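Chains as they are written, first to last, in my numbering: chain A, 6 to 157; chain B, 94 to 215; chain C, 675 to 1007.
No wet-lab data here; the hints were simulated from the structure.
Predicted model only: the values in this text are computed from it and were never measured.
Glycine included, each C-beta is placed from N, C-alpha and C at the ideal position.
Take these hints with a grain of salt, some might be off.
Pairs of lysine-lysine, DSBU-like flavour, derived with a Cα cap of 35 Å [unchecked claim]:
{"id": "1", "chain 1": "A", "residue 1": "LYS22", "chain 2": "C", "residue 2": "LYS743"}
{"id": "2", "chain 1": "C", "residue 1": "LYS686", "chain 2": "C", "residue 2": "LYS716"}
{"id": "3", "chain 1": "C", "residue 1": "LYS727", "chain 2": "C", "residue 2": "LYS974"}
{"id": "4", "chain 1": "A", "residue 1": "LYS22", "chain 2": "C", "residue 2": "LYS727"}
{"id": "5", "chain 1": "B", "residue 1": "LYS176", "chain 2": "A", "residue 2": "LYS91"}
{"id": "6", "chain 1": "B", "residue 1": "LYS214", "chain 2": "A", "residue 2": "LYS116"}
{"id": "7", "chain 1": "A", "residue 1": "LYS20", "chain 2": "C", "residue 2": "LYS897"}
{"id": "8", "chain 1": "A", "residue 1": "LYS22", "chain 2": "C", "residue 2": "LYS686"}
{"id": "9", "chain 1": "C", "residue 1": "LYS743", "chain 2": "A", "residue 2": "LYS27"}
{"id": "10", "chain 1": "A", "residue 1": "LYS10", "chain 2": "C", "residue 2": "LYS941"}
{"id": "11", "chain 1": "B", "residue 1": "LYS214", "chain 2": "C", "residue 2": "LYS897"}
{"id": "12", "chain 1": "A", "residue 1": "LYS22", "chain 2": "A", "residue 2": "LYS10"}
{"id": "13", "chain 1": "C", "residue 1": "LYS945", "chain 2": "C", "residue 2": "LYS895"}
{"id": "14", "chain 1": "A", "residue 1": "LYS27", "chain 2": "B", "residue 2": "LYS214"}
{"id": "15", "chain 1": "C", "residue 1": "LYS704", "chain 2": "A", "residue 2": "LYS27"}
{"id": "16", "chain 1": "A", "residue 1": "LYS91", "chain 2": "C", "residue 2": "LYS895"}
{"id": "17", "chain 1": "C", "residue 1": "LYS686", "chain 2": "A", "residue 2": "LYS20"}
{"id": "18", "chain 1": "C", "residue 1": "LYS716", "chain 2": "C", "residue 2": "LYS687"}
{"id": "19", "chain 1": "A", "residue 1": "LYS25", "chain 2": "C", "residue 2": "LYS941"}
{"id": "20", "chain 1": "C", "residue 1": "LYS975", "chain 2": "A", "residue 2": "LYS22"}
{"id": "21", "chain 1": "C", "residue 1": "LYS863", "chain 2": "C", "residue 2": "LYS975"}
{"id": "22", "chain 1": "C", "residue 1": "LYS686", "chain 2": "C", "residue 2": "LYS897"}
{"id": "23", "chain 1": "C", "residue 1": "LYS967", "chain 2": "B", "residue 2": "LYS214"}
{"id": "24", "chain 1": "C", "residue 1": "LYS704", "chain 2": "A", "residue 2": "LYS22"}
{"id": "25", "chain 1": "C", "residue 1": "LYS704", "chain 2": "A", "residue 2": "LYS116"}
{"id": "26", "chain 1": "B", "residue 1": "LYS214", "chain 2": "C", "residue 2": "LYS727"}
Partner residues aside, some chain A positions facing chain C, computed with beta carbon under 8 Å [said to hold, decoys possible]:
{"id": "27", "residue": "TYR15"}
{"id": "28", "residue": "ASP87"}
{"id": "29", "residue": "GLY94"}
{"id": "30", "residue": "SER97"}
{"id": "31", "residue": "ILE98"}
{"id": "32", "residue": "PRO111"}
{"id": "33", "residue": "GLU114"}
A few chain A residues facing chain B, derived, Cβ under 10 Å [what the hints assert, rightly or not]:
{"id": "34", "residue": "PRO58"}
{"id": "35", "residue": "LEU60"}
{"id": "36", "residue": "SER61"}
{"id": "37", "residue": "GLN63"}
{"id": "38", "residue": "ASN106"}
{"id": "39", "residue": "LYS116"}
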Amino acid sequence: MEDIKRNEAYNRYIKEKIPKTKAWPSLFNSFWVGGLICVLGQGINDVILLIFPYLSQQSAWACTLIILIFIASFLTGVGVYDQIGKFAGGGSIVPITGFSNSITSPSVEFKSEGIIYGICVKMFTIAGPVIVFGVVSSMLVGFIYWIIGLFI
Amino acid sequence: MEIFLDYLWVFLIGGAVCALGELLIITTNITSARILVTFVLIGVFLEAINVFDYISDFAKAGINVPIVGFGASLAKGAIGAVKTHGFLGIFTGGLTATAGGIAAAIGFAFIFSLIFRSHTKN
Amino acid sequence: MIKEKEQTIILKKQPRIIGSYSIVGPKEGKGNFGRYFDYVMKDDCFGEDTFEKAERKMLESAITGVIEKAKLSTKDINLMIAGDLLNQIISSSYAARMYPFPFLGVYGACSTMAESIAVASVLIDGGYFDNIVCCTGSHFSTAERQYRFPLELGNQRPPTSQWTITGAGSCVLSLKGEGPRVTMVTFGKVIDWGVSDVNNMGAAMAPAVRDTLLRHFAATKTKPDDYDLILTGDLGKLGSEILIDLMDDEGVTLGANYGDCGQMYFKRQQKTLCGGSGAGCCATVFNSYIMQKLREKQYKKILFLPTGALLSTTSTQQGDTIPSVCHAIVIEA
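Chain A with its partners taken away, still in its complex shape:
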């Protein structure tokens, strides 16, 4: 009992002791890097629509995202993306490029364990939950719309 009290007090004390980082510089960096990645995406999208005017907006977005994913995956492979990430934080995690980075980085890292047990198995160690949550929640939304559809 006394131990629990002491531990709680100690954890409270540590919380106060942890140096507070200045939020503004890192928020600013993630703002402009993130914004720039989105502008790049818009640029790619506009160029695609210029070259293939018959494409639907939906397909154009898909092409844009694939190109962004390619760029991020490449930058991860050559060891540049994590430098951007160190600087920009959320700015390079939240865009789709961050998703690409979270898939490529473990597969490059665990290459030494072989193709099957290294690359393929470890590929989703970080991005796995994103796909699981995304798919499960979209199924839930689909299910709700299906139920609603039964009554209309």
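Model the placement of chains B and C on the given structure of chain A, informed by the hints.
Just chains B and C now, with coordinates in the frame of chain A:
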């Protein structure tokens, strides 16, 4: 001029979404995987309540490039497939709509991990 | 409150540390202790194709190097005590198969150096062995991928995080020969004050140092001023501030003679946040800078207290707390 304004909106909204992610990291100290999950769920929710398209109309890449857009496509796919295929659509819709992105991420990751190796950090 | 004596052993024969050797990576070589290390690697792959093999080779060259420096041959060594941070202390086991002497694997996370020296001195003091090699090391890239994230993941390090040292340190203990003497040993208890943040190891380990330090002072009837240097392992910047506060609460003041290897390891512009950590951290500092100062008699009596956060990736993922341990050894010139 109009195109410049478009890009300004993209920059401002995209930046704001990313800064929101950074704010979450600073305040709650959560890992990048959880950030991604949170934003995907936000996207699914926005699409489910049918708000995403309105934002997308003026924010364009500002909301489509962040992973929120990925979540929205999942939900949009599921909703659309339910309308055309009925019950089966619950299962096929989400992944069909996002197949391009997921396949690209897996494919490129596989190729680049065969070519490159991880680098020492300084 | 703390008065039992059984955790502290006062050595009668006082084994000497007759040789020490340190090998570090390029980043560590640019740090504050850069010029004291025996060997600085040009790149931390060390000519191998995986980082794990590099760590293994690092340990091997530390062992070979220290035997040479102590002017002995492998035939003279009776036992090797070693450990590292990888699962099942695999690097040490691989390194040990190179040599003809028996191997005792120990795991004390970052406290492994003190643990192995303590065990070795007790074994020598008991008269069972003549020459024992102690060795430990860690590698940034192998530890990072085992305990944290892939190297290429674009995430930011929290302000309380520390940098795992790429490096290995080793020493030879013997009754014959010249060198500083190990005079006292205090084995530490495992202490857990409920800290579960893996990015704040300093806070998890500080209570373990407090416990061992108080027991040591009580058993040996010494106080901080009796030592030229009180050196902790890798509490880091935040952890050592916490320790000073904790000791203050107990009425013990840690003054100018207190230092922490992790905190002192890197220069400010090297951006390692709270400093260095890992088994190689105190091992390389102790076997280079500290040993040199002891040999030159600039330090006459030091208290060396490396700490270890005894966590595993499974316990971390299950959100469990971090048990910590701290072993103390007293070395006199």
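Hints, verified against the model:
Pair hint A:LYS22 plus C:LYS743 does not hold up; C-alpha atoms about 44 Å apart against a cutoff of 35 Å. Distance restraint check for C:LYS686 and C:LYS716: the Cα-Cα separation of roughly 43 Å exceeds the 35 Å cut-off, and the hinted pair is therefore not satisfied. With a C-alpha separation of about 38 Å, the suggested pairing of C:LYS727 with C:LYS974 is violated against the 35 Å cut-off. As the CA atoms of A:LYS22 and C:LYS727 are separated by approximately 39 Å, the hinted pair breaks the 35 Å bound.
At roughly 44 Å between alpha-carbon atoms, B:LYS176 and A:LYS91 are farther apart than 35 Å, so this suggested pair is violated. Annotation: proposed proximity of B:LYS214 to A:LYS116 holds, straight-line Cα distance about 17 Å (limit 35 Å). At roughly 30 Å between alpha-carbon atoms, A:LYS20 and C:LYS897 fall within 35 Å of each other, so this suggested pair holds. Only pairs whose Cα atoms come within 35 Å are accepted, and A:LYS22 paired with C:LYS686 is rejected, the gap being roughly 43 Å.
For a cut-off of 35 Å, the pair hint linking C:LYS743 to A:LYS27 is broken: about 48 Å separates their Cα positions. Restraint check: the Cα-Cα separation between A:LYS10 and C:LYS941 comes to about 38 Å, which exceeds 35 Å; the hinted pair is violated. Between B:LYS214 and C:LYS897 the alpha-carbon distance is near 41 Å, which puts this suggested pair outside the 35 Å criterion. With a C-alpha separation of about 18 Å, the suggested pairing of A:LYS22 with A:LYS10 holds against the 35 Å cut-off.
Among the hinted pairs, C:LYS945 with C:LYS895 is inconsistent with the structure: their alpha-carbon atoms are about 40 Å apart, more than 35 Å. Between A:LYS27 and B:LYS214 the CA atoms are separated by roughly 24 Å; this keeps the pair inside 35 Å, and the hint holds. Between C:LYS704 and A:LYS27 the CA atoms are separated by roughly 28 Å; this keeps the pair inside 35 Å, and the hint holds. For the hint pairing A:LYS91 with C:LYS895, the CA-to-CA distance comes to about 49 Å; that exceeds 35 Å, so the pair is violated.
Between C:LYS686 and A:LYS20 the CA atoms are separated by roughly 45 Å; this puts the pair beyond 35 Å, and the hint is violated. As the CA atoms of C:LYS716 and C:LYS687 are separated by approximately 41 Å, the hinted pair breaks the 35 Å bound. Note on A:LYS25 and C:LYS941: the hinted pairing holds, with a Cα-Cα distance of about 21 Å set against a maximum of 35 Å. At most 35 Å may separate the alpha-carbon atoms for a hinted pair to count; C:LYS975 and A:LYS22 meet this at roughly 32 Å.
At most 35 Å may separate the alpha-carbon atoms for a hinted pair to count; C:LYS863 and C:LYS975 meet this at roughly 24 Å. For the hint pairing C:LYS686 with C:LYS897, the CA-to-CA distance comes to about 21 Å; that is within 35 Å, so the pair holds. Simply put, C:LYS967 and B:LYS214 have alpha-carbon atoms about 31 Å apart, close enough for the 35 Å limit, and the pair holds. Among the hinted pairs, C:LYS704 with A:LYS22 is consistent with the structure: their alpha-carbon atoms are about 30 Å apart, no more than 35 Å.
In summary, the hint linking C:LYS704 to A:LYS116 is supported, as the alpha carbons are separated by about 30 Å, within the 35 Å threshold. Distance hint between B:LYS214 and C:LYS727 is fulfilled; the C-alpha atoms sit about 17 Å from each other, no more than 35 Å. The beta carbon of A:TYR15 comes within 5 Å of a beta carbon in chain C, closer than 8 Å, and the hint placing it at the interface holds. Given hint, A:ASP87 at the interface with chain C, holds; its Cβ is 5 Å from that chain's nearest Cβ, closer than 8 Å.
Taking 8 Å as the C-beta contact cut-off toward chain C, the hint placing A:GLY94 at the interface holds, the least distance being around 5 Å. Taken as an interface hint, A:SER97 checks out: its beta carbon lies about 5 Å from the nearest beta carbon of chain C, inside 8 Å. This hint holds: A:ILE98 has a C-beta 7 Å from the nearest C-beta of chain C, less than the 8 Å allowed. Annotation: A:PRO111 was flagged as interfacial toward chain C, and the flag holds, the nearest CB pair being 5 Å apart, inside 8 Å.
A least Cβ separation of about 4 Å between A:GLU114 and chain C falls short of the 8 Å threshold, and the interface hint therefore holds. The criterion of a C-beta within 10 Å of any C-beta in chain B is not met by A:PRO58, whose closest approach is roughly 16 Å, and the hint is violated. At a threshold of 10 Å, the smallest CB-CB gap from A:LEU60 to chain B is about 13 Å, leaving the interface hint violated. A least Cβ separation of about 13 Å between A:SER61 and chain B goes past the 10 Å threshold, and the interface hint is therefore violated.
Here the hint on A:GLN63 is kept, as its CB sits about 8 Å from the closest CB of chain B, short of 10 Å. Residue-level restraint check for A:ASN106 holds (minimum Cβ-Cβ distance to chain B is 9 Å; threshold 10 Å). With a least beta-carbon distance of about 5 Å to chain B, the hint placing A:LYS116 at the interface is held under the 10 Å criterion.
In the structure shown, a violation is registered for the earlier hints numbered 1, 2, 3, 4, 5, 8, 9, 10, 11, 13, 16, 17, 18, 34, 35, 36, in ascending order.
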